[in-house]
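Enquirer: Whole structure, please, built from the sequences with the hints as guidance.
Under the working numbering, the first residue of the sequence shown carries the number 1, and numbering increases by one thereafter.
Hints should not be assumed to be uniformly reliable.
[Stated by the list, open to error] Below are the DSS-like pairs computed for lysine-lysine, each with C-alpha atoms no more than 27 Å apart in a straight line:
{"no.": "1", "residue 1": "K334", "residue 2": "K322"}
{"no.": "2", "residue 1": "K316", "residue 2": "K330"}
{"no.": "3", "residue 1": "K161", "residue 2": "K116"}
{"no.": "4", "residue 1": "K116", "residue 2": "K314"}
{"no.": "5", "residue 1": "K199", "residue 2": "K221"}
{"no.": "6", "residue 1": "K221", "residue 2": "K193"}
{"no.": "7", "residue 1": "K199", "residue 2": "K161"}
{"no.": "8", "residue 1": "K199", "residue 2": "K260"}
{"no.": "9", "residue 1": "K221", "residue 2": "K260"}
{"no.": "10", "residue 1": "K260", "residue 2": "K193"}
{"no.": "11", "residue 1": "K161", "residue 2": "K193"}
{"no.": "12", "residue 1": "K116", "residue 2": "K316"}
{"no.": "13", "residue 1": "K325", "residue 2": "K260"}
The hints are simulated quantities; they were obtained by calculation from the structure and are not laboratory data.
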Amino acid sequence: MAQESWQLALQNSIVRVEQLATRFEFDHRSLIPVESRYPLRITPYYADLIEQVGDPIWKQCVPDLCELDETGFIDPLAEDEFSPVPTVIHRYPDRVIFYVSGVCASYCRFCTRKRKIGCSDSSVSFRELRDGIDYIAANTQIRDVIFSGGDPLLLPDSVLKDLLQRIHAIPHVEIIRLGSRIPVTLPERITEKLCTMLKQFAPLYLNAHFNHPRELTAEAKEACGRLADAGIVLGNQTVLLRGVNDDPHIIAELFRGLLKMRVRPYYLHQMDLVSGTDHFRTSVNTGLTIMHSLRGEVSGLAIPNYVIDLPGGKGKVELLPKYVKKDGGKLLIKARDGSVVEYPEVLDIVTERGC
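Expert: Structure representation (structure tokens):
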């Protein structure tokens with residue numbers, strides 16, 4: 001059987017820093033220890049987005065010596081602790097992550113699962129997938145199943161369809177989500193054949209992972225358009241990254257561009273406390289400043305929730321700029337321009353007149 005273009009692209013991906021050295025001038029030998037510890041893969045498409053050493057695309061996909069710094073946690077969200085079977089992460093009562101793939105098209109240097117994605121022990125067996133399906137079927141409180149990994153869209157169409165059919169057939173599962181960076185790093189994977197197959201499993205949601213406006217290419221737009229035309233609801237989870245997108249103008253441009261591609265900004269994530277990623281972390285204040293700057297600057301549709309996923313599996317907490325103070329029976333609300341507006345408060349009681 002002839003291979004599809006996306007499969008050929010994966011075969012031709014950059015997997016050694018010395019391959020990058022034929023295109024850019026940098027000390028690639030110094031990065032070999034990083035490459036040996038954390039796998040490298042950059043698709044030809046995504047590599048072509050790099051304009052120069054150290055630019056926002058480079059930083060996301062090329063190894064850095066800072067990754068050898070062990071500050072942080074190997075498993076910051078305690079996912080292993082919340083895995084009743086190897087392919088299920090069950091941190092919230094009504095939803096689970098279904099770990100269906102151990103590989104990605106391109107490996108993000110800031111990945112929260114650096115400990116295992118792309119590594120020799122990251123593969124998922126058929127037996128483990130069946131155990132995961134059985135667990136989901138046996139726990140009737142689960143309504144929302146998130147296919148994740150690695151990247152679920154790297155599975156062959158036939159395998160992905162089989163898994164979707166089995167989860168979709170479970171009576172108490174109401175929605176299925178796919179977490180994928182394929183629209184960003186390997187848009188040629190989003191074929192008409194794939195979209196026709198996915199369309200069968202409505203309501204189906206896909207959260208992509210665009211982090212910078214330069215990722216909003218014509219190819220990415222076409223891929224997202226195919227998904228949206230198939231009825232798949234598209235969202236985006238952006239990670240706030242030092243030196244990549246920690247600037248209000250960059251974030252505003254990114255979120256406006258996503259809306260034009262029919263992708264709704266869903267989360268702006270504060271960096272997880274992952275070992276080897278401390279050089280990507282910004283202050284929380286940087287994130288709050290960016291969120292404040294978005295108000296009135298972009299459509300409300302383009303404003304995501306700014307969240308921290310707390311260590312130890314404590315879950316996501318939304319972070320908000322301080323807009324409101326209370327002064328007696330009044331509220332003092334800070335407007336976007338910095339002025340403070342007095343707003344009358346009402347007591348949460350019902351009067352005898354009922355109004």
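Enquirer: Measure nothing beyond the straight line between the CA atoms of K161 and K193; if it is 27 Å or shorter, mark the hint as holding.
Expert: holds, 11 Å
Enquirer: Please verify whether K316 and K330 have alpha carbons no more than 27 Å apart.
Expert: Violated. K316 to K330 sits at ~31 Å, over the 27 Å cutoff.
Enquirer: Holds or violated: K221 with K260, Cα cutoff 27 Å?
Expert: The given pair, whose Cα atoms are some 9 Å apart, holds under the 27 Å limit.
Enquirer: Check whether the Cα positions of K116 and K316 lie no farther apart than 27 Å.
Expert: With Cα atoms ~22 Å apart, K116 and K316 stay inside 27 Å; holds.
Enquirer: Please work out if K199 and K161 have their alpha carbons no farther apart than 27 Å.
Expert: holds, 11 Å
Enquirer: Check whether the Cα positions of K199 and K221 lie no farther apart than 27 Å.
Expert: Within the cut-off at roughly 19 Å; holds.
Enquirer: Given the hinted pair K260 and K193, is their alpha-carbon gap at most 27 Å?
Expert: Satisfied, since the Cα-Cα distance of roughly 24 Å is no more than 27 Å.
Enquirer: Run the distance test for K325 versus K260: straight-line Cα separation, threshold 27 Å.
Expert: Violated, at about 36 Å.
Enquirer: With a cut-off of 27 Å on the C-alpha distance, tell me whether K199 and K260 pass.
Expert: Holds, at about 22 Å.
Enquirer: Keeping to a limit of 27 Å between CA atoms, is the pair of K221 and K193 held or broken?
Expert: Distance of about 17 Å is within 27 Å: holds.
Enquirer: Would you check the hint for K161 and K116, treating anything up to 27 Å between C-alpha atoms as holding?
Expert: Holds, at about 25 Å.
Enquirer: Hey, K334 versus K322, does the alpha-carbon distance stay inside 27 Å?
Expert: holds, 8 Å
Hint check: violations occur at hints 2, 13; the rest are consistent with the structure.
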